[in-house]
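Please take these sequences and the hints and turn them into a complete structure.
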Amino acid sequence: AAGVIQSPRHLIKEKRETATLKCYPIPRHDTVYWYQQGPGQDPQFLISFYEKMQSDKGSIPDRFSAQQFSDYHSELNMSSLELGDSALYFCASSLARGGEKLFFGSGTQLSVL
Amino acid sequence: AQTVTQSQPEMSVQEAETVTLSCTYDTSESDYYLFWYKQPPSRQMILVIRQEAYKQQNATENRFSVNFQKAAKSFSLKISDSQLGDAAMYFCAYRSIYAETGANNLFFGTGTRLTVIP
Numbered sequence: 001a002a003g004v005i006q007s008p009r010h011l012i013k014e015k016r017e018t019a020t021l022k023c024y025p026i027p028r029h030d031t032v033y034w035y036q037q038g039p040g041q042d043p044q045f046l047i048s049f050y051e052k053m054q055s056d057k058g059s060i061p062d063r064f065s066a067q068q069f070s071d072y073h074s075e076l077n078m079s080s081l082e083l084g085d086s087a088l089y090f091c092a093s094s095l096a097r098g099g100e101k102l103f104f105g106s107g108t109q110l111s112v113l
Numbered sequence: 001a002q003t004v005t006q007s008q009p010e011m012s013v014q015e016a017e018t019v020t021l022s023c024t025y026d027t028s029e030s031d032y033y034l035f036w037y038k039q040p041p042s043r044q045m046i047l048v049i050r051q052e053a054y055k056q057q058n059a060t061e062n063r064f065s066v067n068f069q070k071a072a073k074s075f076s077l078k079i080s081d082s083q084l085g086d087a088a089m090y091f092c093a094y095r096s097i098y099a100e101t102g103a104n105n106l107f108f109g110t111g112t113r114l115t116v117i118p
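Sequences listed follow chains X and U, in order. The opening residue of the first sequence carries number 1 in my numbering; numbering runs sequentially from there. The opening residue of the second sequence carries number 1 in my numbering; numbering runs sequentially from there.
Quick caveat, the hints were computed from the structure, so don't treat them as lab data. On a predicted model such as this, the values are computed, not experimentally measured, just so you know. Where is the CB? At the ideal position from N, CA and C, for every residue including glycine. Please note: incorrect hints may appear among the correct ones.
[Claimed, not checked] Cross-link-like lysine to aspartate or glutamate pairs, in silico, EDC-like; alpha carbons within 20 Å at most: (1) Lys101/X - Asp31/U; (2) Lys22/X - Glu75/X; (3) Lys101/X - Glu61/U; (4) Lys101/X - Glu52/U; (5) Lys55/U - Glu29/U; (6) Lys101/X - Glu29/U.
[To be verified] Over the 10 Å line for every Cβ pair with chain U, so calculated as not near, a few chain X residues: (7) Ile5; (8) Thr18; (9) Ala19; (10) Pro27; (11) Asp62; (12) Arg63; (13) Ser65; (14) Phe69; (15) His73; (16) Ser79.
Written out as structure tokens, the structure is:
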């Protein structure tokens, strides 16, 4: 069965650079979530989209932005990268806003040097 | 706000034995979902088991079962016949069913690292 696809798997950037992470949800899933997991930490919710509209916002820095496109894939744009942005970024998708399991992608490991 | 607490940072179990991981949560809601996710060294986040709060029957998935105590706000995970492949970080997570309180995301506990001893 198709799963949540994230690209790239690994990304190395330098401070103050920009990064774009992509997420392709499971087919027919209409909700996408972004999470950030620092080393040795639990995942922290960043932002989510339902039917291409932002539905919830968590601890996402102002330097980050995201959107969901007409084909339901989502992109997380990160600017003015800082060393503390180094983390594993997960995307998850679900079929509906509530009451459904979240399925996670394999994550994008971002390293900021 | 919902909080999820995992009081055991690390646990170990002998292969083929049974281990129970603890999780408590705090909420004022009556209906919600609880999950256990497994994160092996590959760091893939894998759903292990799911429980709806309105269901009294404890969820079971093969060797994995939960002990859901709604009044005590407790949601423990029991792994029977532990296997080497069960070694991972286990996260307990809470999800509201109400959009107004953030139904769109999971609240995670801090995790329990499980070691399986051969």
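Q) Going by Cβ atoms, does Ser65/X stay more than 10 Å from chain U at every point? A) For Ser65/X, whose nearest Cβ neighbour in chain U is about 18 Å away, the distance exceeds 10 Å, so it holds.
Q.
What's the verdict on Lys101/X and Glu61/U, does the C-alpha distance respect the 20 Å limit or exceed it?
A. holds (15 Å)
**Q.** Beyond 10 Å from each Cβ of chain U, as asserted for Ala19/X
**A.** holds (18 Å)
Q | Restraint status (C-alpha distance of Lys22/X to Glu75/X at most 20 Å) | A | holds (5 Å)
**Q.** Hinted pair Lys55/U and Glu29/U, Cα distance within 20 Å
**A.** holds (15 Å)
Q) Beyond 10 Å from every Cβ of chain U: is that where the Cβ of Pro27/X lies? A) holds (18 Å)
Q. With d taken as the least Cβ-Cβ distance between Arg63/X and chain U, does d exceed 10 Å?
A. holds (20 Å)
Q: Mind verifying the non-interface call on Thr18/X? Its CB should be farther than 10 Å from each CB in chain U.
A: holds (24 Å)
Q. Beyond 10 Å from every Cβ of chain U: is that where the Cβ of Ser79/X lies?
A. The claim stands: Ser79/X keeps its Cβ more than 10 Å from every Cβ of chain U (closest is about 23 Å).
Q) Does Ile5/X really sit off the interface, with its C-beta more than 10 Å from all C-beta atoms of chain U? A) Ile5/X is indeed farther than 10 Å from all Cβ atoms of chain U, at 13 Å.
Q) Does Glu29/U lie within 20 Å of Lys101/X when you go C-alpha to C-alpha? A) Holds: Lys101/X and Glu29/U sit about 19 Å apart, inside 20 Å.
Q) Given the hint that Lys101/X pairs with Glu52/U, does the C-alpha gap stay at or below 20 Å? A) Given pair Lys101/X, Glu52/U holds - Cα atoms ~11 Å apart, limit 20 Å.
Violated hints for the displayed structure: none, as all numbered hints are satisfied.
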